[in-house]
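Here the structure of chain E is known, so what remains is to put chain S in place on it, guided by the hints.
One line per chain: the protein sequences are E and S, in this order.
The numbering of the first sequence is numbering that gives the first Met the number 0, which starts it at 0 and goes up by one.
The numbering of the second sequence is numbering that gives the first Met the number 0, which starts it at 0 and goes up by one.
There's no promise every hint is true.
[Claimed, not checked] Among the chain S residues that face chain E by a calculated CB cut under 10 Å, a handful are:
#1 Leu27
#2 Arg31
#3 Pro189
#4 Pro193
#5 Val197
#6 Thr199
The set of hints was computed from the structure by calculation and includes no laboratory data.
From the three backbone atoms N, C-alpha and C, an ideal C-beta is built for every residue, glycine too.
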Amino acid sequence: MATCPATLEELPRYPEGKEILTCLQCGMCSGTCPYGDVMDYPPRRMIAMMRAGMLEKVFTSDSLLSCVACYACMAKCPRGIRLTEILLPLMKEQTLTHLPELPSELQRALQNTLRYGNPMGEPSRKRAAWVKTAGVPIRIFSEDRRPADTLWFVECYTSYYPRGQDTCRATAKLFHKLGIDFAILGNEEKCAGECGRLTWEPGLFETLMDYNMAVFQKYEFNRIVTSCPHAHNAFKNRYPALGFNWGLEHTTPFLGRHLAQLKPLLTRKSNYTVTYHDSCCLGRQNEFYEAPRQLLQAIPGVKLVEMTHNRVNSICCGGGGGGMWLDTYFKAKGYERLSERRVKEAAATGADVLAVSCPYEVSRFEDALKVLGYDKRVIVRDVTELLAEAMEE
Amino acid sequence: MHILVLLKMVPDVVEDLEIAPDGKALDLEYLRMILSESDDHALEQALLLKERHGGKVTVLALDAPEVDDALFTAVAKGADRVVKVVGMDAGSTTRQAASALAQVIQKETGLMPADLVLTGVQAIDDLDGLIAPLVAHELGLPYLGIVTRVSLDAPGQSVQAIKEYPGGVHGEFEVKLPAVLGMQAAEKPPRYVPVAKVRTAMKSQKIDCTLVPTLADGGWLAIDVVEMKRNEPAGHAEMLEGDPDQVSGKLCGILAERGLVA
Chain E
0 MATCPATLEE LPRYPEGKEI LTCLQCGMCS GTCPYGDVMD YPPRRMIAMM RAGMLEKVFT
60 SDSLLSCVAC YACMAKCPRG IRLTEILLPL MKEQTLTHLP ELPSELQRAL QNTLRYGNPM
120 GEPSRKRAAW VKTAGVPIRI FSEDRRPADT LWFVECYTSY YPRGQDTCRA TAKLFHKLGI
180 DFAILGNEEK CAGECGRLTW EPGLFETLMD YNMAVFQKYE FNRIVTSCPH AHNAFKNRYP
240 ALGFNWGLEH TTPFLGRHLA QLKPLLTRKS NYTVTYHDSC CLGRQNEFYE APRQLLQAIP
300 GVKLVEMTHN RVNSICCGGG GGGMWLDTYF KAKGYERLSE RRVKEAAATG ADVLAVSCPY
360 EVSRFEDALK VLGYDKRVIV RDVTELLAEA MEE
Chain S
0 MHILVLLKMV PDVVEDLEIA PDGKALDLEY LRMILSESDD HALEQALLLK ERHGGKVTVL
60 ALDAPEVDDA LFTAVAKGAD RVVKVVGMDA GSTTRQAASA LAQVIQKETG LMPADLVLTG
120 VQAIDDLDGL IAPLVAHELG LPYLGIVTRV SLDAPGQSVQ AIKEYPGGVH GEFEVKLPAV
180 LGMQAAEKPP RYVPVAKVRT AMKSQKIDCT LVPTLADGGW LAIDVVEMKR NEPAGHAEML
240 EGDPDQVSGK LCGILAERGL VA
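Excised from the complex, chain E in its bound form (with noise of 0.2 Å):
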């Protein structure tokens, strides 16, 4: 666990502040940045001004609010500063308290985190409210506290949007095939709050965090599998400095440890052609590249093809960083939404399936494809649901 500057005036007196200071200007990181070239202030230009004392400016531009917390600055950086670790989430913070009013969408998000516990207001008291169409029986630990092996953090999108419930009953589906002692928090449940660290919110993430670690600390288990790399992101970064200790996966590598138990399993062939979009935090975060394409190999009558832009390189969806509620925004001004941008090179596979693995895709591309017309002749699926559907019978 790295130590970690807790606001922009406390940088310079710790190492990853100093080690900004040896910034070489190559411009790296505004070349690799999906916005940069939208940007008043790109990485490149953020850290002169920072040199030059004049921050400020950056703060009162809006340039931060284009900035999707993709770590591709941070993946390409020479040096090896952590742009998208320490220096830009401190950056938008200040953003945060310069702008004179906050984008309304991301607004609301941020306050429906903090009350509902998922960005998008839905009732809290509904978060396992998808249980009942699992098709398999699920635990939750408020309703049966014997210890569970493992502790499936399910996360919001995947708990309330139609298309990521469907990941939910895939995911369920294959723990119970694989025999996994699993149990959910069900409505105890609150977002991880990922997106409030590595966007604006520091004091929105604690509150989460001090809440979900309280939960944690009620159950009995030995690791967190998570359904959403925002999720296992938090976890491994953020909350060890709060006691978090259990083991942690996410479930796209989770069930890639599993192949050899799942393989046999895998008896319905199919005819796609899939391509696997590789998600910022479980790629270039964690370097989880070929798990996702083993278990996709794994399916019989599966060709996997790449995009042009792929593993390190993968383009954001345009999601992360709050951009995930910052799509009219962007519209407004006139940007290319990122997600077009990468379905685009999907479609140029000739693959049939985009294939997933964080919740945040599955409404962005689908949305993408439909807007560009490419609907008819790609879906978007997670890596579960094509798994689930290779064991019907």
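Coordinates of chain S only, in the frame set by chain E:
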């Protein structure tokens, strides 16, 4: 310029509402309370006026579940003092609430004199919008409701207020101060306040508590709740089942039957 803002908590309709076992009220055990939306607008308008013209904003609220969160949020947004009236019966009527507020406003140190008293024009549990005019009446102040904009012409003397009318018409009023205004909306949506600021306010600020005054028992209750019920759907949508040909056939049949197509 001293602006007094009256805030009120109302049932949060995002979460499910349950009817209490006696069938006459919402089940308070199950209810979550949230700041009434138009009261949030009243607070926003007060803060905007303070930012433009200086002065102070005092917030007054009746005790209710989660009201402390709303009050600390008000402090984090820029309110100078927050006061909570405790000891009120849960089943109090709107008129009792208005009377309690008016008495506290007159008795509690520092609440009067106020140049402006702002509150929401209505709430989901006070759709008649009675609170503000009743408070104005008890304080002997003028009242204007459905206000969507307030600007200060002559500080301490009067404000210019815009009142909405149906049909896209609005009226401009000059309101002599002090006065009570029922806000429909502030001139801009209520601001966002970072959660860290609210958490800091919770640690460093305090809510002044004042006991509810003895309310005159005037036999006010001319009406009583007989029964509270969920709406029963009067009609329902008919889903047409079948393949596209069957569905389109049925649809054409319905349109023809109702004379919508020849």
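A quick look at each hint next to the structure:
no.	hint	result
1	Leu27	violated, 16 Å
2	Arg31	holds, 9 Å
3	Pro189	holds, 9 Å
4	Pro193	holds, 5 Å
5	Val197	holds, 7 Å
6	Thr199	holds, 8 Å
The structure fails hint 1 only (numbered hints given earlier).
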